[in-house]
Amino acid sequence: MKADAGLSLEFTLHGADFELAGAASSKIKRILQQVGVKSDVIRRIAISSYEAEMNVIIHAYHGEMRVSIYPNRTEITIEDEGPGIPDIKLAMQEGYSTASDHIRELGFGAGMGLPNIARCCDAFEITSEVGKGTRIYMMILH
Amino acid sequence: MRLIAERCKGCVNCIKHCPTEAIRIRGGKARITESRCIDCGECIRRCPNHAKTAVTDCLEHIKQYPFNVALPAPSLYGQFNSDVTIEKILESLLQVGFDTVFEVALGADIVSRAIAEYLKRPDIKRPAISSACPAVVRLVQVQFPELIDHLIPIDAPVEVSTRIARDEAVKRTGLAPENIGVWFITPCPAKMTTVKQPLGSETSNISGAIGISEIYGDLLRAFPDCNGGQKLRRASPAGIGWALSGGEVSAVQAAKALVVNEIESVNGVLEQVALGKLKEVEYIECLSCAGGCIGGPLTVESRFVAQYRMQQRVDGKMNPDAIGNLSVNVDYAAVLGGDERRVIEPRPVMRLDEDISRALYKVEVMEDTLKRLPGLDCGSCGSPNCKALAEDIAQGTACETDCLFKLREKVRDLAREMVEVADRLPPPLVKQSGDES
Ligand code: SF4
Ligand code: SF4
Numbered sequence: 001m002k003a004d005a006g007l008s009l010e011f012t013l014h015g016a017d018f019e020l021a022g023a024a025s026s027k028i029k030r031i032l033q034q035v036g037v038k039s040d041v042i043r044r045i046a047i048s049s050y051e052a053e054m055n056v057i058i059h060a061y062h063g064e065m066r067v068s069i070y071p072n073r074t075e076i077t078i079e080d081e082g083p084g085i086p087d088i089k090l091a092m093q094e095g096y097s098t099a100s101d102h103i104r105e106l107g108f109g110a111g112m113g114l115p116n117i118a119r120c121c122d123a124f125e126i127t128s129e130v131g132k133g134t135r136i137y138m139m140i141l142h
Numbered sequence: 143m144r145l146i147a148e149r150c151k152g153c154v155n156c157i158k159h160c161p162t163e164a165i166r167i168r169g170g171k172a173r174i175t176e177s178r179c180i181d182c183g184e185c186i187r188r189c190p191n192h193a194k195t196a197v198t199d200c201l202e203h204i205k206q207y208p209f210n211v212a213l214p215a216p217s218l219y220g221q222f223n224s225d226v227t228i229e230k231i232l233e234s235l236l237q238v239g240f241d242t243v244f245e246v247a248l249g250a251d252i253v254s255r256a257i258a259e260y261l262k263r264p265d266i267k268r269p270a271i272s273s274a275c276p277a278v279v280r281l282v283q284v285q286f287p288e289l290i291d292h293l294i295p296i297d298a299p300v301e302v303s304t305r306i307a308r309d310e311a312v313k314r315t316g317l318a319p320e321n322i323g324v325w326f327i328t329p330c331p332a333k334m335t336t337v338k339q340p341l342g343s344e345t346s347n348i349s350g351a352i353g354i355s356e357i358y359g360d361l362l363r364a365f366p367d368c369n370g371g372q373k374l375r376r377a378s379p380a381g382i383g384w385a386l387s388g389g390e391v392s393a394v395q396a397a398k399a400l401v402v403n404e405i406e407s408v409n410g411v412l413e414q415v416a417l418g419k420l421k422e423v424e425y426i427e428c429l430s431c432a433g434g435c436i437g438g439p440l441t442v443e444s445r446f447v448a449q450y451r452m453q454q455r456v457d458g459k460m461n462p463d464a465i466g467n468l469s470v471n472v473d474y475a476a477v478l479g480g481d482e483r484r485v486i487e488p489r490p491v492m493r494l495d496e497d498i499s500r501a502l503y504k505v506e507v508m509e510d511t512l513k514r515l516p517g518l519d520c521g522s523c524g525s526p527n528c529k530a531l532a533e534d535i536a537q538g539t540a541c542e543t544d545c546l547f548k549l550r551e552k553v554r555d556l557a558r559e560m561v562e563v564a565d566r567l568p569p570p571l572v573k574q575s576g577d578e579s
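Residue numbers (our numbering), protein chains in the order written: chain A, 1 to 142; chain B, 143 to 579.
The following block holds chain B by itself, in its conformation from the complex:
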């Protein structure tokens, strides 16, 4: 997540919606505490001045590799009118410079099967929580570390697709694996960060990620030259459906599944799980974006429009004959990343101090301060709400007069004091009227 400083007006819109309270306004500009950021992209969406961006790769970058594979996220298909067939979209990727394409939806097909198997196991923690959305996984690490064991230990479709795509490219070209660029066409920065700091597996196999909004124009321009005539392998509608909230559940065909999207609501549901409720639920699909990945912060279309189009494609109304030939011969264990996977660690970033006694002291300062603050949660102090300001004060990164109301109180008290002091001037200094003459 990056800030374009010139654009930021310090308007506090972003800090108000950050689910982990990772943003503060300091010196009139928004600042993100990286360790708390879960890359949900909420701040990108909420900034009226477009001052927040995600660092993604661009088409230029693929030139560093002799052979490049594009991995389009299924949400890409929802960005274009329904008369643009998926074949055409895939071809346009070739047109703009990729040597081959591999649908992430195909990875989703494989992952769906693996999850269905996993859910049959009697020994797993229920409800099992989907780990496909990296922002949700990070939210669990930061806010619900006690639920880490509930996360499904199967890599996300994009990782799985990358492994297969790279293998296939190696076989096809004879190049060494590291000479093959595998690029994810992504709806969100969360997946971008996964590339830089991978979650489950030791190292990510993806070479880079290009935001959908970054490549959108190039694809549009390429369409006239694509006739959809190339015979490209295609994922099933179920795999494609992963782009929609609820798509994962229907692909996995999980019974007793709960679907929740939008980070605030995800937070609420996970809170219920943490309280030991929802034990009878088998599977929870959590997606950080409203509507699912089609609502990703790096998408272009309105999510409602995208949702309609995706639904059309999933229902098979488009290209009825291009359906579901999952013709990949794969070693499941290897592509699903069972061996490479690293345990997902808790990230206790909410704690105020390494030392428990000192942390307790700080909480006490916080609670005391909070009682004195006006409780308006206006954000003018640069912290998202009074509680967060109290926390910042306890941490020594803010002071009570950062609060406008507190400042005004103080100014008023000072003014009163000044008047009092002025009245108390020693008599010889008080000019008597008539002294002048």
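Next comes chain A alone, as it looks inside the complex:
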């Protein structure tokens, strides 16, 4: 590892694979603990990576999650192939959700995901193309 290269991790996410839901976030959390990042920062990273991971599993077909951990920050990029989000502004509103009733019954898709992520991050970007997929970038300072 070079001085500022950071540590990179990659995860492949599969839509509708609820058995593995949260596995990537758990692993990220464990590594951050091993690295010695402060616990409140870990919490913010864990919550946002979990929400983003769940978004892919609930809404998309397939996704890639790339995590880079540097001494002073963590960056996470998630790109998925999926239906995309037609109106990002709307999706960023609390309580807005396109999840089916079935998903809601499972306790997900309450429409808090994206706003929750945005709240936890120091930098947050989202781009989406309907019919193709969504890309989320988040950065949290340590």
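Hints listed in this document are in silico derivations from the structure and should not be mistaken for laboratory results.
Just so it is clear, the structure is predicted and the values come from calculations on it, not from any experiment.
Warning: the hint list may mix true and false statements.
[Unchecked claim] Using 20 Å as the maximum straight-line C-alpha spacing, the simulated EDC-like pairs for lysine to aspartate or glutamate come out as follows:
#1 A:K27 / B:D291
#2 A:K27 / B:E509
#3 A:K38 / B:E496
#4 A:K38 / B:E413
#5 A:K38 / B:D495
#6 A:K38 / B:D497
#7 A:K27 / B:E406
#8 B:K373 / B:E229
#9 B:K419 / A:D40
#10 A:K38 / B:D291
#11 A:K27 / B:E229
Chain A is fixed; fit chain B with the ligands onto it per the hints.
Okay, now just chain B with the ligands, sitting in the frame of chain A:
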């Protein structure tokens, strides 16, 4: 937690079940990294050779004090047949040498009321997590430091009982507080360690703790001499119910409460809380032992049998007239330990290095190593699983050939190399057949 080395066969049963991966087998014997140990007693339970024990006090030790109070944990009552009344159990404690008894269940009664009050506060972090089980508190410190603020800042029933019992004994005997021995009759080593390294309060008021299994035989022998005739103060069935998983919640009468027991499951639920879920839950009762304290590693009876008996007692089927006179006049703030309490600190023992860059480097080594390991998690290397071995390698306390499969690979490669080298012997040294003649 102590190891009886002669008994340990290095069978890896204990390392496989330690929730914080605190145990390794080195030199054929189990070794515990103290800083990671949360004293849940899982290794005691899992060791087929009874090589793990908890350091507890014994009856001998009480002789150093002129006056001694026994503090029986409610789980003690589940250890005996239902025809042995609680009165009789309390009397047997007097019989074996204590001067007086004070039920921890009485402390639980007081704590239940305090928690009920606490839960009404609008400003607290929810879900509030019970802090009664010291192993759970330690798990939070080690694995979920971000949840420390969720722990209920009220001392455990045993601490509360100790304060009242010592005060009462001082008044009764005129002795100085330090001349009074207050002994907890405990179901678990977690509470034992609390005595030595207290969690919430600055110093523990308890003089020592005696494991239930340690004193069990003495009590059994004392029963014939007890007739249950002494009028001893008694806790309510609700206080006694704290020994059972779910007992705390029903004593506190918390709405929207979640009950979880057994350390693995506690781990799982806390993980959910840490992810920001379960926000609508008011109160989580977490107990490290399966079934609650009746399943404590220092208990004697099968926890199912104990559970049945406890339930009988809690339901008031036993001694219907000895019920619930909480006749202690106490200054709540003082006994609940509000002032003395120290903040519970995180214990970041999972981190690989003080220096963040070096820690990152070690994680990278770990991840690389992990890819090369077979992923069978067999434990033969002395680490609980491949991931832990990779961590040990990154930390420099183990090497790749500790893995049997890696070793075999290496031996095979070496053997191949040897054959190759042998074939490459310089021609003059190769004996020709017929040279001898
Ligand atoms: S369970 Fe642990 S302590 Fe018991 S014999 Fe096996 S390795 Fe030794
Ligand atoms: S559940 Fe009870 S017996 Fe078990 S470790 Fe916790 S306090 Fe001790």
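To see whether the hints hold, each was checked on the structure:
no., hint, verdict
1, A:K27 / B:D291, "24 Å, violated"
2, A:K27 / B:E509, "11 Å, holds"
3, A:K38 / B:E496, "12 Å, holds"
4, A:K38 / B:E413, "17 Å, holds"
5, A:K38 / B:D495, "13 Å, holds"
6, A:K38 / B:D497, "13 Å, holds"
7, A:K27 / B:E406, "17 Å, holds"
8, B:K373 / B:E229, "8 Å, holds"
9, B:K419 / A:D40, "16 Å, holds"
10, A:K38 / B:D291, "15 Å, holds"
11, A:K27 / B:E229, "52 Å, violated"
Hint check: violations occur at hints 1 and 11; the rest are consistent with the structure.
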